[in-house]
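Colleague: Here is what each chain is made of, one letter per residue.
Number of protein chains: 2
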Amino acid sequence: MYGIIMAGGSGMRFWPRSREGKSKQFLKILGKQSLLQSTLKRFKSFIPCENIYIVTRKNQESEIEKHTVEIPLQNILYEPIGKNTAPCIGLTAITIQQNDPNAVVVVSPADHLIKKEDRFRKAIFAAVQLAEEKDGLVTIGISPDRPATGYGYIQIDGELDTINGVKTFKVRTFAEKPDLETAKRFLKSGDFFWNSGIFIFRIAVFLKALEEFLPSLYDGLMEIKKCIGKPNYNEVFQKVYQQIKSISIDYGVMEKAKNVYLVKGDFLWNDLGSWEQVYKLSPKDKNGNVVHGNVVYHDTKNSYISASDGIVAVLGLEDIVIVQDEGAILVCRRKNAEDVKQIVERLKRQKFEKYI
Amino acid sequence: MYGIIMAGGSGMRFWPRSREGKSKQFLKILGKQSLLQSTLKRFKSFIPCENIYIVTRKNQESEIEKHTVEIPLQNILYEPIGKNTAPCIGLTAITIQQNDPNAVVVVSPADHLIKKEDRFRKAIFAAVQLAEEKDGLVTIGISPDRPATGYGYIQIDGELDTINGVKTFKVRTFAEKPDLETAKRFLKSGDFFWNSGIFIFRIAVFLKALEEFLPSLYDGLMEIKKCIGKPNYNEVFQKVYQQIKSISIDYGVMEKAKNVYLVKGDFLWNDLGSWEQVYKLSPKDKNGNVVHGNVVYHDTKNSYISASDGIVAVLGLEDIVIVQDEGAILVCRRKNAEDVKQIVERLKRQKFEKYI
Numbered sequence: 266m267y268g269i270i271m272a273g274g275s276g277m278r279f280w281p282r283s284r285e286g287k288s289k290q291f292l293k294i295l296g297k298q299s300l301l302q303s304t305l306k307r308f309k310s311f312i313p314c315e316n317i318y319i320v321t322r323k324n325q326e327s328e329i330e331k332h333t334v335e336i337p338l339q340n341i342l343y344e345p346i347g348k349n350t351a352p353c354i355g356l357t358a359i360t361i362q363q364n365d366p367n368a369v370v371v372v373s374p375a376d377h378l379i380k381k382e383d384r385f386r387k388a389i390f391a392a393v394q395l396a397e398e399k400d401g402l403v404t405i406g407i408s409p410d411r412p413a414t415g416y417g418y419i420q421i422d423g424e425l426d427t428i429n430g431v432k433t434f435k436v437r438t439f440a441e442k443p444d445l446e447t448a449k450r451f452l453k454s455g456d457f458f459w460n461s462g463i464f465i466f467r468i469a470v471f472l473k474a475l476e477e478f479l480p481s482l483y484d485g486l487m488e489i490k491k492c493i494g495k496p497n498y499n500e501v502f503q504k505v506y507q508q509i510k511s512i513s514i515d516y517g518v519m520e521k522a523k524n525v526y527l528v529k530g531d532f533l534w535n536d537l538g539s540w541e542q543v544y545k546l547s548p549k550d551k552n553g554n555v556v557h558g559n560v561v562y563h564d565t566k567n568s569y570i571s572a573s574d575g576i577v578a579v580l581g582l583e584d585i586v587i588v589q590d591e592g593a594i595l596v597c598r599r600k601n602a603e604d605v606k607q608i609v610e611r612l613k614r615q616k617f618e619k620y621i
Numbered sequence: 266m267y268g269i270i271m272a273g274g275s276g277m278r279f280w281p282r283s284r285e286g287k288s289k290q291f292l293k294i295l296g297k298q299s300l301l302q303s304t305l306k307r308f309k310s311f312i313p314c315e316n317i318y319i320v321t322r323k324n325q326e327s328e329i330e331k332h333t334v335e336i337p338l339q340n341i342l343y344e345p346i347g348k349n350t351a352p353c354i355g356l357t358a359i360t361i362q363q364n365d366p367n368a369v370v371v372v373s374p375a376d377h378l379i380k381k382e383d384r385f386r387k388a389i390f391a392a393v394q395l396a397e398e399k400d401g402l403v404t405i406g407i408s409p410d411r412p413a414t415g416y417g418y419i420q421i422d423g424e425l426d427t428i429n430g431v432k433t434f435k436v437r438t439f440a441e442k443p444d445l446e447t448a449k450r451f452l453k454s455g456d457f458f459w460n461s462g463i464f465i466f467r468i469a470v471f472l473k474a475l476e477e478f479l480p481s482l483y484d485g486l487m488e489i490k491k492c493i494g495k496p497n498y499n500e501v502f503q504k505v506y507q508q509i510k511s512i513s514i515d516y517g518v519m520e521k522a523k524n525v526y527l528v529k530g531d532f533l534w535n536d537l538g539s540w541e542q543v544y545k546l547s548p549k550d551k552n553g554n555v556v557h558g559n560v561v562y563h564d565t566k567n568s569y570i571s572a573s574d575g576i577v578a579v580l581g582l583e584d585i586v587i588v589q590d591e592g593a594i595l596v597c598r599r600k601n602a603e604d605v606k607q608i609v610e611r612l613k614r615q616k617f618e619k620y621i
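Protein chains in written order, with our numbering: chain A, 266 to 621; chain B, 266 to 621.
Since the hints were made in silico from the structure, they are not lab data. Just to be clear, a hint being listed does not mean it is correct.
Sample of chain B residues with no beta-carbon within 12 Å of chain A, all distances over it, derived [what the hints assert, rightly or not]:
(1) Glu285
(2) Lys309
(3) Pro337
(4) Ile359
(5) Lys387
(6) Asp400
(7) Gly415
(8) Val431
(9) Glu488
(10) Asn499
(11) Val501
(12) Val505
(13) Arg598
(14) Lys619
Straight-line alpha carbon distances no greater than 25 Å define the calculated PhoX-like cross-link-like pairs of lysine-lysine that follow [what the hints assert, rightly or not]:
(15) B:Lys435 / B:Lys473
(16) A:Lys381 / A:Lys549
(17) B:Lys613 / A:Lys566
(18) B:Lys566 / A:Lys600
(19) B:Lys432 / B:Lys442
(20) A:Lys613 / B:Lys551
(21) A:Lys616 / B:Lys551
Non-contacting residues of chain B with respect to chain A, defined by C-beta distances greater than 10 Å in every case (computed) [claimed, not checked]:
(22) Thr414
(23) Thr427
(24) Leu445
Only a predicted model underlies this, so the values are computations on that prediction, with no experimental measurement involved. Where is the CB? At the ideal position from N, CA and C, for every residue including glycine.
All chains, please: the whole structure from these sequences, using the hints.
Modeller: Written out as structure tokens, the structure reads:
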């Protein structure tokens, strides 16, 4: 069994804590470990380190090795440029296949929160079994507990046999992030799950699907694969990767393939998409505040206040997010926390790139 | 004619911009000059520099000379400890009297905003004439345009002759900062003025009033005066000043004396008591925001946002004050801006003295 951790995110949704080259996966947003370290620890509990691959981007190089010291350096792959999930999984898949043509891989984002890890492993093991039995592309679905509009959804078709007590399904369709009305309908119907972004398959099965649905990506990968271990590898890799089309595994493969299955994960899962999510998941003081670092407040409630250096003083506010880090401060309503990307856009336009 | 500028304020109402040893008078809160520099410039337009005295506290020493370069060093008096206005005026008065027994002085706080300076001078000249003619203690009163609860009030008695077109009155009584109901009543009655904290009198008249109403302060000052120019001056000054009772000129003298007069000042006056006052007096952009330094905002209205170094990003807020300065950030509702002292109290209690 092999693991692929996708650690290429450039997410700016945690600005000013996250910056260019220091994306969300490197942050210790909840607890003492970075999200990448937590993901790696979770993988290490059932996959040996030499079978775990990290795929990231060149601009994350300075941070990545600090968070992945147990992983052999040759298992860290650097995309010269981000091309979304299908190419980065493809790149890692051909690299693993070179060593082990029969490999089954578990693919996961580096920067999500997962708790109840025994249940996580149980779901993964069922997914591996299903992937091997059915020659399938398997995804982990999370039962929605609210009509979230920030997640993709997967609709199931017929229920299959449970595997070791874990429910498994055939997938009917993938749905993009819905509006609230649609999300409510999904929730009510009972046959929609959240798309966790975790995929399990034999590499051969995945590459066959690429060949069918994304042939130009497949051809590019094969061109790269031919050069693995040869002097011209880097030259070919750089050239081909630049030309590859940017596309997600969901849209490019999973939505189109027929052999797609879903395993129900009943662990706690959150994609940590905003400071608001972090606020909701953090323990709060008696005023409903989450406070980190040097903070004084008076007459302030239900707020997330974080000071990395210096001091933040707050007076007479509620439902607010304040994050101070390295010369930058974000102040926003909790309900606007998902719009932090608009601030980052403004920073670019107003020539404040040094703070990005 | 002599001037006394009271520059001893330890005001923390502009934290984090104001700090211990860098009080409000040194801040360039409105415009390019510090409030002390503006006050000095106003005085210099009708009093020669060698007749202007600054009275301040020892802990302001590092800043004060930078803001008062035109003033002879011997005209800057340092209180070892703040004792409110009556002692500091008394100390400066005996020092001036040593050089000029017939001096008339204009006393003013260093950190108020005054505009329409020609009207200011006209009021001062009328006050000087009145002080000399009546042997009086004269104050400048400002016609209230709203029921402010943050100012002291002065009630007039009979109207006297105008002096060069300026209205003058006998004073009936001084009133402390009123509650809103009382302030509304004051405004309606038409015979109450705001107490500007500006006083004009012959030194001999003032010292006579001290002798009558604050005899122990008077005795202390006389003890200090005897030693002016002698080797034991500093020793006596320090010892006596420590023992002097802290008391304001309003409460200790003006409320009790009979020979108190008011000259109506129709210049623009504001004591700049909070960030909210500064917001109200500042020019605003089309969203009603006052913005200084590196600030980006989106969906934000009617707010005061100031960054001294680094960058402040604001999203989805209104009616808010954000001030960043030297490792500290204040975030509060505009209506809570007067409670910044509560933050400073908390900083003390929580051992964050280095940020005060």
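Colleague: What are the numbers of the hints the structure violates, in ascending order?
Modeller: 13, 14
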